[in-house]
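**Q** Read off the chains here:
There are 4 protein chains.
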Amino acid sequence: MQVGGEAEATRMAHGVVLAASGDRLGAVASSTTARLLAASPDRPGIIAAVTAFVAGHGGNIIDLQQHTDRGESAFFLRVEVDLADLDLPREKIAPAFAPVAERFAMRWRLGFSDHRPRVGLLASREPHCVHDLLHRWRGGELAIEVPVLISNHADHAAAAEWFGVEHHHLPIVDGDKAGQEARVREVLRAHGIELVVLARYMQVLSPELCDEWAGRIINIHHSFLPSFQGARPYHQAHERGVKLIGVTAHYATAALDDGPIIDQDVIRVSHRDDVHDLRRKGRDLETTVLARAVRAHVDDRTLIYGRRTVVFD
Amino acid sequence: MQVGGEAEATRMAHGVVLAASGDRLGAVASSTTARLLAASPDRPGIIAAVTAFVAGHGGNIIDLQQHTDRGESAFFLRVEVDLADLDLPREKIAPAFAPVAERFAMRWRLGFSDHRPRVGLLASREPHCVHDLLHRWRGGELAIEVPVLISNHADHAAAAEWFGVEHHHLPIVDGDKAGQEARVREVLRAHGIELVVLARYMQVLSPELCDEWAGRIINIHHSFLPSFQGARPYHQAHERGVKLIGVTAHYATAALDDGPIIDQDVIRVSHRDDVHDLRRKGRDLETTVLARAVRAHVDDRTLIYGRRTVVFD
Amino acid sequence: MQVGGEAEATRMAHGVVLAASGDRLGAVASSTTARLLAASPDRPGIIAAVTAFVAGHGGNIIDLQQHTDRGESAFFLRVEVDLADLDLPREKIAPAFAPVAERFAMRWRLGFSDHRPRVGLLASREPHCVHDLLHRWRGGELAIEVPVLISNHADHAAAAEWFGVEHHHLPIVDGDKAGQEARVREVLRAHGIELVVLARYMQVLSPELCDEWAGRIINIHHSFLPSFQGARPYHQAHERGVKLIGVTAHYATAALDDGPIIDQDVIRVSHRDDVHDLRRKGRDLETTVLARAVRAHVDDRTLIYGRRTVVFD
Amino acid sequence: MQVGGEAEATRMAHGVVLAASGDRLGAVASSTTARLLAASPDRPGIIAAVTAFVAGHGGNIIDLQQHTDRGESAFFLRVEVDLADLDLPREKIAPAFAPVAERFAMRWRLGFSDHRPRVGLLASREPHCVHDLLHRWRGGELAIEVPVLISNHADHAAAAEWFGVEHHHLPIVDGDKAGQEARVREVLRAHGIELVVLARYMQVLSPELCDEWAGRIINIHHSFLPSFQGARPYHQAHERGVKLIGVTAHYATAALDDGPIIDQDVIRVSHRDDVHDLRRKGRDLETTVLARAVRAHVDDRTLIYGRRTVVFD
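Protein sequences appear in the order of chains A, B, C and D.
Following my numbering, the numbering of the first sequence begins with 1 at its first residue and continues without gaps.
Following my numbering, the numbering of the second sequence begins with 1 at its first residue and continues without gaps.
Following my numbering, the numbering of the third sequence begins with 1 at its first residue and continues without gaps.
Following my numbering, the numbering of the fourth sequence begins with 1 at its first residue and continues without gaps.
What the hints contain is simulated information worked out from the structure, not anything from laboratory work.
Careful, some of the hints might be misleading.
Identical chains share a label here; the pair holds if one copy fits it or two copies do between them.
[Said to hold, decoys possible] SDA-like cross-link-like pairs, simulated, lysine to any residue; straight-line CA separation at most 25 angstroms:
hint, residue 1, residue 2
1, Lys281, Ser270
2, Lys281, Ser113
3, Lys281, Arg292
4, Lys92, Arg118
5, Lys281, Ala143
6, Lys281, Gln65
7, Lys281, Arg35
8, Lys281, Ile267
9, Lys281, Asp69
10, Lys281, Pro226
11, Lys92, Ala49
12, Lys281, His115
13, Lys281, Ala296
14, Lys281, Leu195
15, Lys92, Glu102
Using the sequences and the hints given, assemble the complete structure.
**A** Here it is as structure tokens:
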């Protein structure tokens with residue numbers, strides 16, 4: 001055990017106080033950064049042009065990561081710039097940068113570290129991922145806002161209330177999946193949701209919803225994809241007798257369990273573990289891998305690239 | 001995502017409903033088992049004698065694990081027996097078994113799978129281990145009762161209330177550590193606590209308390225012991241430039257951070273991670289490793305053996 | 001670095017001296033053990049009967065592991081007995097034990113720790129698994145004999161000579177796979193091979209060969225099965241964009257890449273890794289996982305059980 | 001098993017043919033790159049200046065990694081540039097770059113991907129790390145030359161001959177460590193050695209040797225440093241009852257086992273593992289972690305930074 005080193009307290013919704021975790025969020029609060037994510041055909045001079053743009057406006061680059069896929073001649077870049085010394089107000093950065101982007105035919109996006117994206121959680125019965133994400137948000141570990149939690153079951157009402165999240169119980173009535181999904185979309189829209197997290201949501205989304213929200217829905221699948229796609233992956237894993245089980249966080253696409261993978265992890269199992277043990281061991285993986293994937297997205301570290309992702313460290 | 005396979009709901013304290021996780025707890029509820037843990041000098045015939053005792057009373061062994069430390073001629077055994085077919089009522093098992101134990105000079109103990117030990121949580125400011133354990137308890141994953149949560153800070157009152165746990169805020173006043181510890185012991189006694197879990201409790205316990213509760217206090221230390229004992233292990237790890245950080249769950253002893261290790265785990269870090277990142281990454285390890293250690297203890301899988309433990313799978 | 005603790009030397013074939021690793025092999029050489037592996041329908045009294053048999057003959061059990069699959073009411077047992085005190089000569093153990101086995105309808109087998117099974121290696125071009133196994137054998141880590149190495153390419157002749165192994169270059173001529181396989185079987189038979197190890201052998205075995213050698217062929221597949229069965233798994237993994245790659249050691253069956261899994265492991269990869277990197281990272285996994293699987297088999301720790309295995313620790 | 005995808009053969013020293021692994025080495029052989037490693041105080045404009053220099057000479061950056069330690073205001077950079085399009089011959093790059101380096105007070109170095117550093121191996125009795133490195137070199141996985149292997153024991157002569165490496169048996173005679181070390185230095189000098197790898201060399205190097213070769217000696221220590229420094233770390237680990245054991249590759253410094261860490265890894269152990277098992281399990285870690293560290297150094301990915309390292313991916 002340890003003396004000292006305890007963390008600061010922070011006030012939470014509904015008068016509830018959680019002791020905060022004194023993590024990076026607070027540590028860099030005073031120093032807002034802009035983050036450029038860009039993909040383009042590979043060509044000499046891209047980094048020089050981007051960094052000259054930053055330097056020309058007095059900016060200090062605090063993190064730059066670049067990746068070239070030589071097989072496909074594709075170039076990927078993430079640049080994080082301290083706004084403190086930049087001679088451009090934040091709303092002028094994108095217009096000023098646009099000509100550079102155009103010159104290199106970039107697909108690009110600009111984010112700011114003090115922007116907390118509005119996340120809509122979708123869940124079914126399993127509570128662990130929902131609670132974990134809400135706890136990380138309220139403890140200050142994830143720089144998000146979670147205005148709303150939607151479930152096709154009623155189980156999460158009390159937790160939603162405690163965490164200060166609006167709860168919508170949207171069951172599928174008389175098999176009307178399209179109707180339920182329409183209500184889900186409405187709620188997401190009403191709350192200005194920017195990122196949907198499927199925190200063990202057990203309904204297949206329509207291709208239309210997946211397309212509309214392309215690159216903005218993160219799902220956790222409880223298998224080491226592409227193994228055990230579809231239903232009951234822990235049963236499949238037990239049946240096959242694997243010696244490790246895994247989970248996969250990925251962007252949802254119209255092709256079920258086939259979207260670009262953001263993160264994966266595994267845990268060792270043995271003949272001693274029955275399906276219940278696999279589910280129990282898997283839950284811890286599910287929460288941590290989903291949280292890592294959400295964090296990577298929120299920190300503007302992910303670029304989708306065909307069926308794959310670039311996830312900068 | 002997945003269709004079907006959703007879990008059952010279970011009712012929680014204070015009218016709050018958590019969707020349960022359908023784990024092993026429920027799965028074996030109908031089949032209570034007795035668990036014998038024994039250590040003795042190694043000698044031929046021990047297993048034969050124990051299993052003959054079980055068979056002689058009509059019992060079915062559903063799990064038996066044995067370990068012989070040949071260097072020290074020490075023998076360790078865990079036997080789990082289905083009570084259904086045993087021709088002894090549970091209170092008669094120990095007296096009937098005593099002669100066998102005596103014959104082999106065993107140190108032994110008998111537990112029952114339907115006994116939920118009363119756990120007292122001690123915490124300081126960090127909330128993640130407390131919440132994680134309470135959530136696993138309420139979700140049905142850990143077969144424990146948690147009647148009381150003691151903290152030397154006030155931060156956990158709301159969480160305690162929500163989870164339905166009595167909360168005692170016992171700060172150290174005017175440096176009177178002995179006085180505070182006396183109050184802690186009183187509360188533990190009043191609640192009939194059988195296992196104390198230091199869920200990131202940042203006060204050093206007195207040797208007297210450690211001795212009184214020997215083998216019944218589990219601590220989580222946020223380093224890969226024996227590296228970085230004492231204060232601020234994540235700072236020490238960062239300073240040393242290690243490429244993996246770890247955590248250690250161990251039984252508390254009078255020698256600080258030196259008790260028998262129950263479980264450990266690590267996570268990869270790099271030069272990109274500052275101390276805040278180490279703390280964030282470490283938190284996930286702390287919760288999972290502490291929960292695994294508590295589970296091993298509660299399932300009667302741990303035997304202390306000098307400075308070491310035998311932890312049956 | 002470290003002072004002292006250096007290992008003993010041991011003399012190798014062909015006058016070559018490898019410094020030995022001072023491992024367990026030497027350490028227990030003086031104490032031969034018998035190992036019983038048994039599977040049967042679950043019933044009360046099996047362990048009692050087996051251990052009474054051992055105790056009745058004066059034997060000391062130095063390791064016993066048991067597993068019950070409650071879903072399928074199947075019982076699995078591994079018992080290791082020191083031969084020193086047993087009042088039966090080793091050739092009388094099986095006949096004496098047979099009635100016990102019969103009583104419980106056991107599928108069983110008896111092995112001895114001083115028996116070094118004769119292993120036939122099959123390889124194609126990649127050398128890493130072949131060299132690794134030969135090195136572990138010659139260094140005393142694996143209790144095997146390797147009289148012969150068969151390859152459908154000529155690349156391993158020099159290595160075979162150096163390690164003192166007979167080498168057969170058996171290419172497939174004019175597409176005559178059946179003819180080549182017939183010659184392979186002949187060589188295996190001529191050398192009294194007991195276990196075949198496919199050390200990156202890139203030819204599909206015929207169902208007949210798999211059946212004839214059922215439970216006695218170990219293959220290493222360079223993917224985390226059941227993902228990426230078939231050809232070019234690293235290419236498949238790269239194409240899919242997984243964040244971990246894995247390997248699988250399994251018993252070969254007529255169904256390609258579908259045999260009972262003995263061991264698996266994974267390593268983290270990222271968008272920075274191209275197919276060449278995956279192959280390089282995978283090679284280290286392939287050698288260690290294949291060696292672990294061979295070791296488990298040779299130590300009589302594996303039981304095949306439908307499509308699955310029980311692998312005792 | 002797998003059809004197709006087999007690798008090319010490559011001819012090895014002394015007429016011995018190893019099937020090559022078709023790894024990255026060959027894949028990029030046609031495209032030589034220059035690699036700049038630089039550390040400096042953090043200041044705006046460094047990346048812009050460096051990349052403008054490259055672009056100004058027509059160069060294409062194929063990999064750029066940067067790290068800022070904000071706590072210490074230190075800046076680290078690795079840039080890899082394709083030489084194909086650069087308008088400078090390679091010997092003119094450093095002089096041309098020097099003014100940029102000076103402007104930012106850089107500590108820097110320039111390497112070329114087709115330069116294979118001359119590595120001197122030092123070993124004692126254990127053969128596994130020596131063989132592993134020689135095998136990776138001969139198989140084309142490590143871009144090094146290994147002209148000489150020095151050992152204080154005679155065990156490696158045959159292996160050295162087979163791999164085509166000059167072998168020096170330099171024992172410590174009559175306790176004259178200084179004399180032996182003088183001979184070691186002489187041999188290193190005679191062979192133009194650029195990097196010394198202590199492949200389980202069990203003698204403590206003198207502070208003078210460590211200083212002379214600062215940043216150019218890589219050692220593998222068989223514990224998870226800083227745990228278990230000094231002698232017999234596996235014995236120490238067993239005694240302490242840890243649940244994971246580890247190894248550490250680090251640059252050697254005058255302070256024993258305290259040099260900057262390059263890489264570490266761990267493996268799970270249990271009460272079932274005695275010291276022999278720990279040594280066996282540890283060996284696989286030692287070979288892979290040492291090889292990864294050598295590879296990182298050889299690929300110009302490591303920067304020493306006080307007691308720590310920056311290791312670019």
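**Q** State for each hint whether it applies.
**A** Okay, the hints, checked on the actual structure:
1. Lys281 - Ser270: So Lys281 and Ser270 pass the 25 angstroms test inside a copy (12 angstroms) and across (19 angstroms) alike.
2. Lys281 - Ser113: between (34 angstroms within a copy, 20 angstroms between copies)
3. Lys281 - Arg292: Both. Shortest intra-copy (18 angstroms) and inter-copy (10 angstroms) distances satisfy the 25 angstroms Cα cut-off.
4. Lys92 - Arg118: within (23 angstroms within a copy, 53 angstroms between copies)
5. Lys281 - Ala143: between (27 angstroms within a copy, 16 angstroms between copies)
6. Lys281 - Gln65: For Lys281 and Gln65, only the inter-copy Cα distance (21 angstroms) is at most 25 angstroms; the intra-copy one is 34 angstroms.
7. Lys281 - Arg35: between (36 angstroms within a copy, 23 angstroms between copies)
8. Lys281 - Ile267: Intra 7 angstroms, inter 17 angstroms, cutoff 25 angstroms: intra and inter.
9. Lys281 - Asp69: between (36 angstroms within a copy, 18 angstroms between copies)
10. Lys281 - Pro226: Classified as both: same-chain Cα gap 19 angstroms, cross-chain 20 angstroms, threshold 25 angstroms.
11. Lys92 - Ala49: both (18 angstroms within a copy, 24 angstroms between copies)
12. Lys281 - His115: Classified as between: cross-chain Cα gap 23 angstroms, same-chain 34 angstroms, threshold 25 angstroms.
13. Lys281 - Ala296: Both. Shortest intra-copy (23 angstroms) and inter-copy (14 angstroms) distances satisfy the 25 angstroms Cα cut-off.
14. Lys281 - Leu195: Answer is between; shortest inter-copy Cα gap is 23 angstroms, intra-copy 27 angstroms.
15. Lys92 - Glu102: Within one copy only: 16 angstroms inside a chain, 34 angstroms across chains, cut-off 25 angstroms.
Violation of the numbered hints given earlier is absent; every hint is satisfied by the structure.
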